[in-house]
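Undergrad: Each chain, written out:
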Amino acid sequence: MPHLTLEYTDNLKFDEQDVLARLHSELAATRAINLKGLKSRAVRHSDYRIADGNPEYAFVHVNLLIREGRPIEVKKDASQRVMKVLEDTFGQRFENSYLSLSVDIKEMCEGIAMTHHNIPDLEKKK
Amino acid sequence: MPHLTLEYTDNLKFDEQDVLARLHSELAATRAINLKGLKSRAVRHSDYRIADGNPEYAFVHVNLLIREGRPIEVKKDASQRVMKVLEDTFGQRFENSYLSLSVDIKEMCEGIAMTHHNIPDLEKKK
Amino acid sequence: MPHLTLEYTDNLKFDEQDVLARLHSELAATRAINLKGLKSRAVRHSDYRIADGNPEYAFVHVNLLIREGRPIEVKKDASQRVMKVLEDTFGQRFENSYLSLSVDIKEMCEGIAMTHHNIPDLEKKK
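Protein sequences, first through last, are from chains A, E and F.
Going by the numbering used here, the residue at position 24 of the first sequence is 24; the numbering climbs one at a time, nothing skipped.
Going by the numbering used here, the residue at position 40 of the second sequence is 40; the numbering climbs one at a time, nothing skipped.
Going by the numbering used here, the residue at position 97 of the third sequence is 97; the numbering climbs one at a time, nothing skipped.
These are calculated hints, taken from the structure and not from any lab test.
It is possible that some hints are incorrect.
Claimed, not checked - A few chain F residues facing chain A, derived, Cβ under 8 Å:
| hint | residue |
| --- | --- |
| 1 | 3 |
| 2 | 24 |
| 3 | 108 |
To be verified - Quick list of in silico lysine to aspartate or glutamate cross-link-like pairs, EDC-like style, CA-CA up to 16 Å:
| hint | chain 1 | residue 1 | chain 2 | residue 2 |
| --- | --- | --- | --- | --- |
| 4 | F | 106 | E | 68 |
| 5 | E | 13 | F | 47 |
| 6 | F | 106 | E | 107 |
| 7 | E | 106 | A | 87 |
| 8 | E | 106 | F | 107 |
| 9 | F | 106 | E | 110 |
| 10 | A | 76 | F | 110 |
| 11 | F | 76 | E | 110 |
| 12 | F | 84 | F | 18 |
| 13 | A | 13 | E | 47 |
| 14 | F | 106 | A | 107 |
| 15 | A | 75 | F | 110 |
To be verified - Here are the computed distance ranges between Cβ atoms for each label pair:
| hint | chain 1 | residue 1 | chain 2 | residue 2 | range |
| --- | --- | --- | --- | --- | --- |
| 16 | E | 80 | A | 92 | 41 to 51 Å |
| 17 | A | 54 | E | 31 | 45 to 55 Å |
| 18 | E | 25 | F | 17 | 16 to 26 Å |
Every residue gets a Cβ at the ideal spot worked out from N, C-alpha and C, and that includes glycine.
Could you put together the complete structure from these sequences and hints?
TA: See below:
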């Protein structure tokens with residue numbers, strides 16, 4: 001069920017597929033999120049402004065949309081794992097330039113949100 | 001007041017205007033949502049990853065942003081009507097390929113969110 | 001920490017940087033939001049439908065994502081300041097065409113959302 005959105009400013013260059021793959025692998029490692037339910041997209045922004053508009057500033061923001069009611073420990077674990085991937089990927093920029101990394105989690109509306117899919121159970125496939 | 005966002009992966013081909021028109025018509029049929037207040041956008045994603053990254057996988061996700069405090073029955077009705085349109089439009093793909101359809105509803109922040117518009121009352125125009 | 005997203009339909013022409021700069025300046029003027037934490041993006045939509053699909057209709061929607069638990073007065077002030085910038089920028093359109101302006105505020109998930117950045121304190125820089 002989870003949806004992940006990774007937004008980034010176009011002054012950052014990286015392999016989107018590689019980062020999304022690592023995020024999927026980390027989120028599946030929480031054991032509370034099924035790999036088969038993970039649906040992610042990367043969104044590059046060309047029109048942005050950070051703080052006073054210095055073009056050297058960059059941001060990456062990940063929003064994770066999960067089912068309502070997961071224990072706070074699961075949410076913290078998921079958030080920390082996402083941040084770890086962002087730091088591993090972009091953290092070098094902290095040394096000689098400017099960067100903001102952020103992670104947020106939102107919950108789907110229990111009893112109202114709906115999913116209908118036929119993505120196979122990847123564990124069973126093996 | 002409602003905002004609708006339909007996100008989809010670029011391996012799906014369909015007539016966005018036709019689907020948005022059907023969604024507007026279904027949501028207006030709830031009688032709790034005014035057609036004149038409906039503002040929708042379709043967003044195509046080229047950088048995405050679903051589950052293990054199989055390129056045959058596709059998703060459509062609709063988020064509906066409505067005024068806070070609507071009865072749960074209204075929200076369920078709206079969610080089910082949106083899902084019905086998605087199933088009618090994309091459901092054939094379930095037979096020979098992979099697809100995830102999902103719907104979520106979020107509420108605007110009561111007493112804080114603001115709208116200012118002059119979109120005419122379409123019922124009265126007739 | 002705040003993230004701002006300004007969405008608009010592509011039948012509106014304006015200087016995105018100028019509007020984002022004015023939004024930053026207004027939000028910093030709330031004194032509850034730090035300029036250095038503000039990260040904004042403008043998103044232009046080409047596939048949209050408003051009400052009955054009249055192509056003269058346009059919308060601008062701003063979502064502000066802030067830290068959880070700010071007093072309601074701060075949120076109201078922020079929302080009104082954003083709406084004021086939208087009205088100053090786009091309000092002329094109300095006279096001879098159609099437009100919907102809207103503002104919403106969402107809160108980051110306290111204790112779970114994370115930010116890691118090195119954007120300098122702009123006040124101290126002066």
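Undergrad: Tell me, in ascending order, the numbers of any earlier hints that this structure violates.
TA: 7 and 18
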